Amino acid sequence: MRSRRLARENDPNIVREDDTESLSRPKTGGAGGPSVEVTDHEIGGHMNTAGFVVETSGLTKRFGDRVAVANVDLRVPRGSAFGYLGPNGAGKTTLIRMLLGLTQATAGTMRLLGRPVPDERAAALARVGAIVEEPRFHGHLTGRENLTVIAAAREPEAHDRIDGALARVGLSQRADERVKRYSLGMRQRLGVARSLLADPELLILDEPTNGLDPAGIHEFRDMIRGFVAEGRTVLLSSHLLDEVEKICDEVAIVDRGQVVVQGSIADLAASGKQTILIATSNEEQALTILSEHRAVESAAAESTGIRVTLHAQDGAASDDISRRLVLGGLAIRRFEPARVSLEQRFLEITSRLEEAA
Amino acid sequence: MSTTAVTADLPRTRTSRNWQPRLVRAELLKLRKRRGLVISALALTVLPMIIGYTVLLSIHAANPGKHGPAGGLENLSGSVEMLTLLSGVATILVGATLGAGDLGAGVFRELVVTGRSRLALFAARVPAGLGLILPIVGAGFAVTATGSIVFAGSLDAPSASLLVGSAAWLGLVTALSLVLALGVSSAVGSRGTTIGILLGWQLIAAPVLLEIGWLGSFREGLLGAATERLEPAALFEGGTTVPMSLAAAALVVVAWTVVPLALGAWRTYTRDA
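In order, the protein sequences belong to chains A and B.
Numbering-wise (my numbering), the first sequence opens with residue 1 and increments by one.
Numbering-wise (my numbering), the second sequence opens with residue 1 and increments by one.
Think of the hints as simulated: they come from the structure by calculation, not from any bench.
There's no promise every hint is true.
Claimed, not checked - With beta-carbon atoms standing in for the labels, derived distance ranges:
| no. | chain 1 | residue 1 | chain 2 | residue 2 | range |
| --- | --- | --- | --- | --- | --- |
| 1 | A | Asn88 | B | Trp214 | 57 to 65 Å |
| 2 | A | Arg62 | B | Val38 | 39 to 47 Å |
| 3 | A | Thr106 | B | Pro127 | 32 to 40 Å |
| 4 | A | Arg62 | B | Glu81 | 49 to 57 Å |
| 5 | B | Phe218 | A | Asn210 | 53 to 61 Å |
| 6 | A | Leu184 | B | Ile39 | 23 to 31 Å |
As the list claims (entries may be wrong) - Just some of the chain B residues that point at chain A, by a computed CB distance under 10 Å:
| no. | residue |
| --- | --- |
| 7 | Arg22 |
| 8 | Val24 |
| 9 | Lys30 |
| 10 | Gly101 |
| 11 | Val107 |
| 12 | Phe108 |
| 13 | Ser117 |
| 14 | Ala273 |
From a predicted model like this one, the values you see are computed outputs, not experimental measurements.
A virtual CB, placed ideally from N, CA and C, is assigned to each residue, including glycine.
Input sequences plus hints: build the corresponding full structure.
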């Protein structure tokens with residue numbers, strides 16, 4: 001199992017499958033340092049689940065011999081923008097389709113807004129809005145009529161929300177045009193308006209910025225943050241690292257159907273290998289000292305100094321490095337931790353997985 | 001883009017007030033906004049009746065000695081027979097669209113995501129389909145019924161009871177065709193395929209099977225045999241092709257109603273959206 005292989009790494013900030021003390025509740029970043037959670041398989045059994053709008057346990061979907069979603073344990077905290085990040089074909093959409101009752105799970109359990117699905121699917125989905133893949137509409141109907149059709153399937157109050165939803169996504173002026181004349185961006189907005197008819201506590205958006213131009217993506221990003229500011233939870237599925245990093249507070253990285261790591265973006269980025277940017281009075285000598293240090297994985301000269309990657313997060317090691325540089329007679333002009341992006345962390349994780357496979 | 005909250009204080013519980021009528025109205029909206037479909041249905045029902053009576057009136061006016069009046073019982077019989085055939089085609093178009101329209105547009109999953117029961121979504125299609133097709137077929141029948149009375153001339157005009165019976169029978173046949181088309185299209189998931197299958201069945205296969213005598217009582221299971229048994233005797237003279245009891249005919253009609261609906265409902269329920 002890929003997540004078990006990952007668990008062999010010596011990273012104290014990652015909660016692992018075999019870290020049984022950590023199974024009772026998810027860690028959050030705080031005074032104790034960053035925390036990132038890797039798939040545990042006992043979620044929900046002995047924990048307070050009130051803080052999660054989505055909880056899955058051992059969720060699996062097979063198509064014949066192919067496993068699209070493999071034993072996924074996912075917990076989406078209420079009131080957050082949560083990224084479900086993975087490459088194309090990783091099983092993101094399949095998981096969302098199972099959550100929404102569009103396809104049946106092969107195994108495992110799910111809870112939406114605290115309600116078990118599919119047992120209480122109708123009650124759970126009453127407060128869930130979703131865009132799955134590309135939003136689809138009846139092209140021969142106007143935008144408003146399309147919303148009327150969906151509102152009819154929801155509670156009576158949903159009909160009263162149509163005008164507000166159209167206004168919110170900026171489609172009031174075009175609401176009475178047939179949807180077949182809408183651009184892709186307008187359809188995406190109409191899809192959001194449609195999902196707002198539920199007055200959703202949870203919005204599930206599957207690759208929502210596909211096909212949008214940069215301005216549209218920016219607008220979409222602001223809108224999603226606006227939803228979160230209102231106390232709604234947004235579960236955003238995407239293969240775009242940059243998008244998830246800019247929008248989301250928390251993230252689960254999924255690969256080949258499995259959640260390989262899960263936690264806050266800040267913690268996730270901080271939980272990887274430590275990188276330090278160093279500038280000294282003698283770069284060659286500094287490189288020699290650094291290459292001999294046991295904590296240093298790599299050291300490479302750049303235009304602004306030397307980028308040093310340590311084997312792990314290790315404050316004592318960085319202190320020792322600075323001390324040795326000074327003892328070597330070098331003047332240190334720069335010594336600062338490099339900001340690690342989610343993309344770097346993602347690549348780090350997946351490359352480790354590939355090595356372990 | 002505005003950041004105004006859409007619905008901050010709306011109720012958080014779902015109520016069932018006006019539930020089903022809203023779903024039916026939504027289905028009806030989807031149908032009646034398909035202009036091509038509505039025009040086709042009118043062209044297959046009302047238009048042929050108007051054309052038929054126009055032609056009959058014209059030839060009667062041109063040569064009254066050779067061509068009798070355009071109306072009367074006999075012409076009613078002929079025009080209702082034609083209307084039954086053509087309205088069957090129109091009903092298949094409507095039923096196929098009704099059953100596969102959401103799937104074809106990709107909207108079915110959007111409806112499922114609302115949490116609404118799939119069976120409720122399916123059930124709403126039946127009254128919606130009837131709500132569209134019955135008025136259209138009714139308009140066609142109104143044209144022919146009016147023509148048969150107004151232009152009866154020296155011929156016997158149909159009685160009120162015959163007109164009511166004929167209208168009811170035509171309504172039954174239309175409803176059965178709709179249910180069949182809805183069930184098949186919901187099961188198959190394709191409008192085009194459903195139309196192909198049902199037109200082939202209704203216009204070719206079923207009539208041929210009805211005429212094959214050696215099939216014997218097997219033919220009693222055909223919908224055409226049952227509806228023929230139920231048609232007003234005064235409208236179509238010459239008896240039925242397949243003799244059967246009224247109870248057997250009613251049973252066959254029920255079976256042809258229940259089976260397609262059950263098939264369509266089951267597939268709607270189990271389908272990956």
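Hint by hint, here is what the structure shows:
Take Asn88 (chain A) and Trp214 (chain B): their Cβ atoms lie about 60 Å apart, and the range 57 to 65 Å holds. Hint check: Arg62 (chain A) to Val38 (chain B), Cβ distance near 45 Å, so the stated range 39 to 47 Å holds. Under the hint 32 to 40 Å, the C-beta atoms of Thr106 (chain A) and Pro127 (chain B), about 37 Å apart, fit the expected range. Between Arg62 (chain A) and Glu81 (chain B) the Cβ separation comes to about 55 Å, which falls inside the hinted range of 49 to 57 Å.
In this structure, Phe218 (chain B) and Asn210 (chain A) meet the distance hint of 53 to 61 Å, their C-beta atoms being roughly 55 Å apart. For Leu184 (chain A) and Ile39 (chain B), the Cβ-Cβ distance of about 30 Å falls inside the hinted range of 23 to 31 Å, so the restraint holds. With a cut of 10 Å, the hint placing Arg22 (chain B) at the interface with chain A holds, because the nearest CB-to-CB distance is about 4 Å. The interface hint given for Val24 (chain B) is met, as the beta carbon of that residue sits about 9 Å from the closest beta carbon of chain A, less than 10 Å.
Nearest Cβ of chain A to the Cβ of Lys30 (chain B): about 6 Å, under the 10 Å cut. The hint holds. At a threshold of 10 Å, the smallest CB-CB gap from Gly101 (chain B) to chain A is about 7 Å, leaving the interface hint in force. The interface hint given for Val107 (chain B) holds, since its Cβ lies 6 Å from the closest Cβ of chain A, which is under the 10 Å cut-off. About 9 Å separates the beta-carbon of Phe108 (chain B) from the nearest beta-carbon of chain A, less than 10 Å, and the hint is met.
For the restraint placing Ser117 (chain B) at the interface with chain A, the shortest Cβ-Cβ distance is roughly 7 Å, inside the 10 Å limit, so the hint holds. About 4 Å separates the beta-carbon of Ala273 (chain B) from the nearest beta-carbon of chain A, less than 10 Å, and the hint is met.
Every hint from the earlier list agrees with this structure, and none is contradicted.
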